[in-house]
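Protein chains: 4
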Amino acid sequence: MRAAVYLEKNKPLAVQTVADPTPAPGQVVLAVKGAGICGSDLHMVQYGFAAPGQVLGHEFAGEIVALGAGAPSGLKVGDRVCMEPGIPDPNSKATQLGIYNLDPAVRFWATPPVHGVLRPTVVHPAAFTFKLPDNISFAEGAMVEPLAVGMHAANKARIRPGDIAVVSGAGPIGMVTALAALAGGCSQVIMTDVQQPKLDLAATLGPIKPVNVAKEKLTDVVNKLTDGWGADIVFECSGNEKAAAGVFEPLCPGGVVVYVGIPLEPIAYSISAAQIKEARVEHVFRYAHVYPRALALMGSGKIDVKPLITDKFGFKESVAAFDFAVKMPPSSVKAQIELS
Amino acid sequence: MRAAVYLEKNKPLAVQTVADPTPAPGQVVLAVKGAGICGSDLHMVQYGFAAPGQVLGHEFAGEIVALGAGAPSGLKVGDRVCMEPGIPDPNSKATQLGIYNLDPAVRFWATPPVHGVLRPTVVHPAAFTFKLPDNISFAEGAMVEPLAVGMHAANKARIRPGDIAVVSGAGPIGMVTALAALAGGCSQVIMTDVQQPKLDLAATLGPIKPVNVAKEKLTDVVNKLTDGWGADIVFECSGNEKAAAGVFEPLCPGGVVVYVGIPLEPIAYSISAAQIKEARVEHVFRYAHVYPRALALMGSGKIDVKPLITDKFGFKESVAAFDFAVKMPPSSVKAQIELS
Amino acid sequence: MRAAVYLEKNKPLAVQTVADPTPAPGQVVLAVKGAGICGSDLHMVQYGFAAPGQVLGHEFAGEIVALGAGAPSGLKVGDRVCMEPGIPDPNSKATQLGIYNLDPAVRFWATPPVHGVLRPTVVHPAAFTFKLPDNISFAEGAMVEPLAVGMHAANKARIRPGDIAVVSGAGPIGMVTALAALAGGCSQVIMTDVQQPKLDLAATLGPIKPVNVAKEKLTDVVNKLTDGWGADIVFECSGNEKAAAGVFEPLCPGGVVVYVGIPLEPIAYSISAAQIKEARVEHVFRYAHVYPRALALMGSGKIDVKPLITDKFGFKESVAAFDFAVKMPPSSVKAQIELS
Amino acid sequence: MRAAVYLEKNKPLAVQTVADPTPAPGQVVLAVKGAGICGSDLHMVQYGFAAPGQVLGHEFAGEIVALGAGAPSGLKVGDRVCMEPGIPDPNSKATQLGIYNLDPAVRFWATPPVHGVLRPTVVHPAAFTFKLPDNISFAEGAMVEPLAVGMHAANKARIRPGDIAVVSGAGPIGMVTALAALAGGCSQVIMTDVQQPKLDLAATLGPIKPVNVAKEKLTDVVNKLTDGWGADIVFECSGNEKAAAGVFEPLCPGGVVVYVGIPLEPIAYSISAAQIKEARVEHVFRYAHVYPRALALMGSGKIDVKPLITDKFGFKESVAAFDFAVKMPPSSVKAQIELS
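Chains as they are written, first to last, in the working numbering: chain A, 5 to 344; chain B, 5 to 344; chain C, 5 to 344; chain D, 5 to 344.
Derived from the structure by calculation, the hints contain no laboratory data.
Watch out, some of these pointers could steer you wrong.
Straight line, CA to CA, 27 angstroms or less: simulated DSS-like cross-link-like pairs of lysine-lysine [to be verified]: (1) C/Lys-97 <-> B/Lys-221; (2) C/Lys-97 <-> B/Lys-213; (3) B/Lys-213 <-> A/Lys-228; (4) A/Lys-281 <-> B/Lys-135; (5) D/Lys-320 <-> C/Lys-221.
Okay, chain A solo, but in the shape it has when bound (with noise of 0.2 angstroms):
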């Protein structure tokens, strides 16, 4: 079958034949309906982390149209279903204690040697595949991965129903932090980022408060919602090492920092900024155990992912659609590509 394969460092990908999955015991196999472009594809491009021929794509949903041997009940040929791309040992230490998302033998999709999703049908474990309830779209499902992180990092900051939190970066992840820290019981989120055209759509999205902080003092528009208190939770989301260290100074007496993104470098963290608010640091990776939530919340109508999904791309534009992501313009927020 064809499939949409990296080819060389700072080249546009290509679509090429690769070879057809044949599924092993307790697997399903997929039609891919749809799949996202992530950064970490882009980065795939771009800095070279690949052998040539390697398939990219790890957001995706799909239609189940074989199962393997000794699958599960609760799937069947026909299920409109979205997965969660990396397999752990399920004889671990990690994975037995519930943490199956640190083990360090998990298999990733479009994470080398694995191949990723972007072809017409792939195998995937069914304890790791999610039925979609009807009213949610392919589209919407395979916005499931990256919402997933956003999902994560709510767990872990262990959301008090009306929490105040500050999310910064309006990129894609902290848009769906914004969205899971809402749908978590925040009753408002302070939505950080420089790019006016980003904070203009968080600010559609709920009670999302956007600060450009180019412009704006952040820990001022903290002090006065919350009259000189704090924010109870940061949600590090940009990535950027000077926002990663200031975390400690909008934040309230005992309150939560997570770090989502991924600075490249580590940074200055001032450990008596942090003590004298008794901060409470969470770390995200990736994520565990959130597909089904995301799902339900999806379901329930309290997450709404669509106006996230800024760009779509046929199957045969995937060429171009890679091309488009990695120039995308600052009002995109999700480039997706349909297959039928």
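With chain A held as given, fit chains B, C and D onto it using these hints.
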């Protein structure tokens, strides 16, 4: 001044003249604007818990008309506020630990010998007085007290985003618990009662699935919605002994029960049924720390209590209001008295 | 090989020839060196839960004599080990969540149709087999299984350093729970029973204050020790309905109850008594994740189970051992069978 | 009366006459019996944080000699006590939330303009005064203050029974943190320093494995002890920037870091190193709620601070005591001044 007072068991209350209150240091003087009638007020009338002359009412919003000496900054004359009715000893061990609602020394509005708020003016500690957001009316402000019970229950549950909750009992407390659970991260609430009008109202408040347990089996509904796994949380708000004993049946492994309703008699509690699911069982007594959180969720639009205020009376109609509340029709949730 | 098997209700067990087990991939073969007799083994003999021929025993330590294909690194022939007797389905939802003990598919040693360990050789998954520290004997290793129940109870309590705990019931499970509670951070345990010899033994195990509730009132003792505040934790290990109903009386505001014992009938549970203290009530079903933790505490000298191994029998005395265990004197805690 | 006062930067302190304190309502008057010298006292002498005449000292035990009006029941003249030196505003938001140590209004002994305890008599709020168990001396009582820091760190870690902890830095705070961690449920502590005499002393305090990081690699020791999994908790007590940056290396997946020491400069903090293990990072600022817990553990014999009191001086030797403390030999941990 004139106040709505309790006179005699099983008799309607009366409007009588009572002494004007005088503010102590750290207190504020408030003009009462609206007050809700609570089941506990009715119990006082029906069961005779109080001495004749007891002023009733503890659900309240109003306006600051004077500040006592040493009242903290942040409040000023003219502020629209609601107030938390239980005042602990600030030096008790429970208060120091942050569980001030469990302090045996708590003085609570309208709990003898403390008078209630159904009178034009009251004094209250500034530390337990909270500003209403601009978009929240006095009537909604007077709903914060019952809502606080639901908020506290949601807090105790430690909801994880996407949880599915059962709320058993669609009375006022069941209603506010459902609202708090949804605002606090639940994806869906399954609400039970035997009175269809209450369930019909509940179904309009959000992703709430009503189950008339006189006609339908709760576990069937839960199993269908959760593929047989069970509900993450059961909020028991009916106070019915049989319902309270049955909480473990619809619960998932590792799930949480929160006992909010107060059965009059001990219930038949199956430890082995709770053990096989390793249920965590929480109990709430009033609330603590939730007023600002409830107000934040109301202010940002995540909780709307207006549909619950089904019946309004003027202050001069106080006697009729109590009479109505005692025989409340099943389609009513909360009766309030407006003072001007 | 020869094994200790159940034959008939209310009859002593017998030693009979059973088939040799064969190792599957990921399993290890173990020479059984010592096994404890548990109340559940006795129940099988007394109440006839099993088919004739059932091999008994699930508390066990031994030596690895062979490794199946694909057994993980870290274990080798000659290793002295003990084993966790419940094996879940690694792909179940409960296992994925880290609560594998709640997986309905768990296969548990000596729970029909699974045979037990009272035989010279058994096979077991390597992932549930744990090395004994050098200073821990096989007899102590066979105590890890009952100790695991106490460890799990201590985990569920989420002990804060310095907590004062009540352990009601000084049977084997009460004893190991007291040891786990003390090792897990409690400053003191108050232990109740009506059998004075059990209490006398308990008092030698650490800072444990024995209370014979036939002679003394528990709440008096607790109030004296805690200046009237109450105990932070109550571990109910007696399984007695009356004791289980009375847990809230000695408890402090905000305290924790852990139901470890399993009353045969539902108890009379006072929700209002639990609410006034906002008790958190936890329930344990076997254990999860605690074997390595129990072994670490035993290895470092923080838990010493040797005083609990009160009676030892040879394998040929197995029938007499069970006979003894059924009529265990109050000064005995655990009878074990040694295999060589 | 006579008191040990600070006079001038880098100069020894002096003994001077100061005014007698007068008790306010709710306070007790205490005869000081013993006081420890803390690093923060020394900083005041060395760096000149205070005005001339400042009385030093905040680690203290003594005897009640008088009760102010309205002092709570439970304390009486003649009681042997120690006291928590930080007194919050009982009506502040932080205090109400139970995190009174984070209240910016805290008044702390020997923190200008509040005088310290190195004088014969002081007054203190009864609510922050705690009775010593009968078997605990005044000298041990004066150790509760530094021990409280370790207790609070152990609380923040939320130790699960059997955890293995690293304590980096074998100064006084590292020592008390190790004691609290072991009493609080850890099976073993691995303690690091570069001063061998400190490590040699630490090794006598319990199951503590000393690691001289000038000679040995911490991660090698941790990996060997944990089969490569990593330590459950790292308590960073050295305040050394390099040690504080390196905490994630020996940590297990899902592990906890508690920053206790206070580096002077921001550290180079690798968010990605913390993310790959999803570390939870906690920070402590003094302590809250732990005095009764520390005393309970000392009273029951689970914590013994006597080996840490390495050097004693009389009140008249106060000047020499401070001189000694500034140049403390590596084999010393805590110098105390006795008052009679």
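Problem set entry | Hints breached by this structure | 3, 5
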